[in-house]
Amino acid sequence: MTGPAITEQVGTGTARGVGSSPARPDGVLKVTGQFAYGSDLWMDGMLWGVTLRSPHPHAVIGSIDISAALATPGVHAVLTHADVPGRNLVGLEHADQPVLAESVVRYQGEPVALVAADHPEIARRAAGRIVVDYQVLSPVSDPRTALDAAPLHPGGNLVRRVKIRKGDPAPVADVVVRGEYRVGMQDQAFLGPESGLAIPDGEGGVDLHVATQWLHVDQQQVCTALGLTPDRVRLTLAGVGGAFGGREDLSMHVHGCLLALHTGKPIKMVYSREESFFGHVHRHPAWLQYEYGADSSGALVYARGEICLDGGAYASSTGAVVANAATMGLGPYDIPNVHVDCYGVYTTNPPCGAMRGFGAVQAAFAYEAMMDKLADALQMDPVALRIRNAMSEGSRVPTGQLVDSAAPVAELIGRVRDLPQPPAPPTAGPVDLRQLPGGVGNTTHGEGVRRGVGYAVAYKNVAFSEGFDDHSTARVRLEVAGGTPIVTVHTAAAEVGQGLVTVQQQICRTELGVDTVLVHPADTTVGSAGSTSASRQTYVTGGAVQHVCALVRARVLELTAALPDLPGTPVGLRDGAVVDADGAALIDLAELLGDQAVERTDEWRHRRTYPIDPETGQGDAHVQYSFSAHRAVVDVDVELGLVKVIELACAQDVGRAMNPDAVLGQIQGGSTQGMGLALMEEIQVVDGKIVNPSFTDYLIPTILDTPPMPIQVLENPDPHAPFGLRGVGEAPTVSSGPAVLAAIRAACGHDLTRVPVRPQDIIG
Amino acid sequence: MRVELTVNGEPLLADDVWEGESLLYLLRERLGLPGSKNACEQGECGSCTVYLDGVTVCACLVAAGQAAGRQVVTVEGLTDRMTEPAALHPIQQAFLDAGAVQCGFCTPGLLVATHDLLARLPAPTDEQVRESLAGNLCRCTGYEKILDAVRLAAGRLAADASGGHGRNAAGPKPGDQR
Chain H
1 MTGPAITEQV GTGTARGVGS SPARPDGVLK VTGQFAYGSD LWMDGMLWGV TLRSPHPHAV
61 IGSIDISAAL ATPGVHAVLT HADVPGRNLV GLEHADQPVL AESVVRYQGE PVALVAADHP
121 EIARRAAGRI VVDYQVLSPV SDPRTALDAA PLHPGGNLVR RVKIRKGDPA PVADVVVRGE
181 YRVGMQDQAF LGPESGLAIP DGEGGVDLHV ATQWLHVDQQ QVCTALGLTP DRVRLTLAGV
241 GGAFGGREDL SMHVHGCLLA LHTGKPIKMV YSREESFFGH VHRHPAWLQY EYGADSSGAL
301 VYARGEICLD GGAYASSTGA VVANAATMGL GPYDIPNVHV DCYGVYTTNP PCGAMRGFGA
361 VQAAFAYEAM MDKLADALQM DPVALRIRNA MSEGSRVPTG QLVDSAAPVA ELIGRVRDLP
421 QPPAPPTAGP VDLRQLPGGV GNTTHGEGVR RGVGYAVAYK NVAFSEGFDD HSTARVRLEV
481 AGGTPIVTVH TAAAEVGQGL VTVQQQICRT ELGVDTVLVH PADTTVGSAG STSASRQTYV
541 TGGAVQHVCA LVRARVLELT AALPDLPGTP VGLRDGAVVD ADGAALIDLA ELLGDQAVER
601 TDEWRHRRTY PIDPETGQGD AHVQYSFSAH RAVVDVDVEL GLVKVIELAC AQDVGRAMNP
661 DAVLGQIQGG STQGMGLALM EEIQVVDGKI VNPSFTDYLI PTILDTPPMP IQVLENPDPH
721 APFGLRGVGE APTVSSGPAV LAAIRAACGH DLTRVPVRPQ DIIG
Chain F
1 MRVELTVNGE PLLADDVWEG ESLLYLLRER LGLPGSKNAC EQGECGSCTV YLDGVTVCAC
61 LVAAGQAAGR QVVTVEGLTD RMTEPAALHP IQQAFLDAGA VQCGFCTPGL LVATHDLLAR
121 LPAPTDEQVR ESLAGNLCRC TGYEKILDAV RLAAGRLAAD ASGGHGRNAA GPKPGDQR
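Residue numbers (my numbering), protein chains in the order written: chain H, 1 to 764; chain F, 1 to 178.
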């Protein structure tokens with residue numbers, strides 16, 4: 001870790017606080033198999049719920065006959081839209097998706113009916129006995145013509161269009177390059193399937209334990225669908241096996257609660273892997289047309305981009321993804337003249353929404369390809385061209401917003417360029433097949449293999465944008481148990497694997513000087529923490545925890561100051577004691593508090609953002625940017641079109657490495673997901689139907705596919721953020737894939753325009 | 001049907017097992033051992049890796065009835081809970097120390113697969129580790145810290161072995177009667 005240190009508040013802290021990498025509180029449970037994920041929950045007398053889904057991407061429902069299913073021994077309930085007591089429409093940004101389809105289905109896999117039974121196989125077989133009369137309609141499969149198709153929703157097929165206009169509308173440049181790119185549909189492929197347990201309370205309410213990313217937005221939607229007030233619908237976070245955006249929308253939430261309230265019994269629902277491919281939103285496929293102009297020195301003169309995103313059947317977060325793809329659409333460069341159009345549409349394809357990188361990922365494949373094309377046309381080094389145009393502190397992004405904290409774009413890409421290169425591919429002698437393209441498939445011993453090196457740099461907005469009230473809530477309690485001060489921190493923030501529970505403990509230790517910190521289970525008995533997405537939780541919930549710790553500390557200092565005969569002035573807490581400005585202990589917390597607890601609860605907000613102008617896209621839309629750069633080194637079998645990534649180096653500015661090990665874990669994991677999109681990950685949709693809904697046919701990188709990842713972490717603090725931190729999780733997913741594509745282009749010489757790249761594209 | 005088998009050294013039985021159930025379902029839903037994970041249930045992800053008579057298998061691909069009368073060891077059995085309820089196996093500790101656990105859903109399968117790898121190859125090269133663990137998908141870590149964990153565990157087990165304890169590198173052979 002490099003960069004300037006941040007001085008802690010005088011007289012505050014303890015070991016295992018901010019900046020260290022202590023053991024995660026759920027770690028022992030996870031390595032012993034005792035951590036309770038959503039799919040592990042169990043209750044006496046519970047039933048299994050399953051979902052009947054539409055086999056058609058687009059159809060009118062004539063009738064639904066549940067009689068045979070209901071008559072199946074072991075079946076307790078069969079429910080349809082007629083059994084939804086509240087409003088039969090849910091959705092993250094727009095309530096446009098039925099809980100259970102009524103008269104029409106708009107995608108393959110849309111939920112139509114529910115079954116509860118004693119055994120999951122009985123439920124599945126009973127679901128197969130539900131007779132649905134479908135009148136099949138033509139799918140609306142191509143988002144580029146969807147605006148001309150018959151409307152799929154009352155407001156038409158446009159979900160959102162964002163325009164960004166800056167500078168001269170008719171700029172002239174010495175050198176102009178153009179490109180068209182296509183990015184496929186990526187799946188989050190979290191390993192823990194959608195799952196949860198809904199428990200009726202016997203009084204018309206329900207407790208839902210579910211693997212999710214945002215308990216309170218779930219609660220609102222469940223309440224709306226059930227026609228219940230929030231006090232009757234209580235959510236608790238079950239163990240989450242990864243998320244990556246795919247759990248921001250509802251999955252089994254309402255369905256499980258409906259069955260529980262109907263049967264009066266606990267309902268467990270667990271999706272199979274195949275159902276999971278239909279049970280959550282995916283990364284939007286994108287069609288991108290770009291044109292860049294530069295002067296002969298390599299200075300960018302203008303950039304134009306048109307981006308079409310396939311939102312699929314329901315809006316989910318498409319509106320926000322459109323805004324992100326537009327505002328992040330040209331990369332971290334200074335460009336005087338900008339013209340961007342980005343739009344997202346309804347089709348009858350699988351619904352698309354949040355996935356790590358959220359619109360920035362798709363655009364980066366295009367803008368980084370354009371930078372390489374421009375470098376080629378200018379006969380410039382691609383890194384030099386990027387450094388020549390790199391955004392920096394004081395720059396204005398295409399939406400006019402000032403970059404008012406560190407933006408070390410040039411340094412990041414320079415750092416990955418300057419790392420030692422991995423050894424050259426073997427040219428003679430015995431070879432290890434595992435180090436070659438094709439691996440133990442034994443497709444080459446080095447013949448036809450060419451080395452390529454590629455670079456990319458990217459940025460990603462952190463937290464929610466465009467004026468959203470993006471707050472979090474924390475409750476912090478300090479008390480003494482068994483003579484030891486103990487802090488309990490309670491938020492509704494979803495731990496999905498990233499290590500937020502550890503960071504919450506670290507912040508409490510640093511702020512309150514107490515080593516023992518318990519993390520209360522996340523639930524809706526405390527206020528909203530907002531979503532575990534947009535790289536925002538360490539920033540926003542971390543900010544809330546820091547803020548509420550300060551309130552608790554202030555009260556403790558107040559109590560201390562009221563004591564007679566103090567040898568000094570109390571200013572902070574350290575190592576279980578109140579200390580003065582020199583760090584000298586004035587009184588132990590155990591002695592001070594006795595049986596008294598100090599508890600505070602409050603909300604915390606990051607600095608305000610604003611909407612963007614609908615015609616020009618101008619506005620201070622974003623909170624913070626996260627920057628990363630990658631260098632990919634690949635060996636490509638240019639005869640067979642096979643790729644081996646040899647090394648994937650990354651440099652990222654994290655502002656402050658709150659937990660250095662977790663920072664590396666985010667960079668490594670995020671880089672790997674971006675690489676997966678570049679090389680292999682695509683949900684293939686033909687006429688609205690997914691043809692590869694399994695881990696046999698939808699491939700994610702294995703340990704054999706994933707290269708060593710040298711990492712440089714910079715810590716340039718953001719003065720606007722808690723601890724100076726920058727959200728970490730997404731930027732590496734944005735820049736890694738474009739670097740891999742650039743490296744393959746360098747090796748094979750072809751203008752690869754399709755992501756993921758296929759062998760036939762590489763052969764050319 | 002009734003299925004009787006030995007899991008983690010303990011004789012267990014389950015009644016009313018449907019013939020179509022997998023060993024994974026039997027463990028998770030009937031025997032109270034949810035540690036083996038249900039990530040794909042089609043043998044692609046390795047999250048349900050267990051020992052069956054000392055050989056690693058995907059429990060999702062084994063019919064419950066096929067396990068009758070046999071020895072199963074799951075992640076819950078990597079340490080002897082009867083004698084050392086709080087102890088972690090050195091491989092479990094290494095995964096924690098190396099930061100190889102994020103969401104943790106792949107972890108139980110990777111622990112069993114690593115246990116098997118280090119029993120066969122106490123000092124594997126990185127390429128051998130990659131080849132041996134290629135059947136275990138992880139979506140969070142990018143595998144770097146999993147490699148670190150395996151290296152750390154191998155080193156610690158070797159140090160333990162050379163320290164005169166005289167035990168097999170990866171501890172008692174899985175599936176042995178305890």
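Hints were generated in silico from the structure; no laboratory data involved.
Quick caveat: nothing in here was measured; it's all calculated off a predicted structure.
A few of these clues could be false.
[Claimed, not checked] Pairwise CB distance ranges, derived in the manner of DEER restraints:
id, chain 1, residue 1, chain 2, residue 2, range
1, H, R434, F, A68, 35 to 41 Å
2, F, A87, H, A82, 52 to 58 Å
3, H, G155, F, D15, 53 to 59 Å
4, H, A597, F, P122, 50 to 56 Å
5, H, D133, F, L61, 35 to 41 Å
6, F, A63, H, D133, 35 to 41 Å
7, H, Q596, F, E10, 45 to 51 Å
8, F, D15, H, S138, 27 to 33 Å
9, F, R120, H, D687, 19 to 25 Å
[Stated by the list, open to error] Per the computed footprint, the stretches of chain F lying under chain H, defined by three or more beta-carbons under 8 Å from a beta-carbon of chain H, are:
id, segment
10, 34-44
11, 121-133
C-beta: ideal position from N, C-alpha, C; glycine also.
Hints and how they fare:
1. R434/H - A68/F: 35 to 41 Å: holds (38 Å)
2. A87/F - A82/H: 52 to 58 Å: holds (55 Å)
3. G155/H - D15/F: 53 to 59 Å: Given about 56 Å between the Cβ atoms, the range holds.
4. A597/H - P122/F: 50 to 56 Å: Given about 51 Å between the Cβ atoms, the range holds.
5. D133/H - L61/F: 35 to 41 Å: 37 Å Cβ-Cβ, so the 35 to 41 Å window holds.
6. A63/F - D133/H: 35 to 41 Å: holds (37 Å)
7. Q596/H - E10/F: 45 to 51 Å: At roughly 47 Å between Cβ atoms, E10/F and Q596/H fall inside 45 to 51 Å, so the hint holds.
8. D15/F - S138/H: 27 to 33 Å: violated (52 Å)
9. R120/F - D687/H: 19 to 25 Å: About 48 Å separates the Cβ atoms of R120/F and D687/H, which means 19 to 25 Å is violated.
10. 34-44: holds (count 10)
11. 121-133: Our answer is that it holds, as 5 residues pass the Cβ test (under 8 Å) against chain H, meeting three.
The structure is inconsistent with the numbered hints 8 and 9, although it conforms to all the rest.
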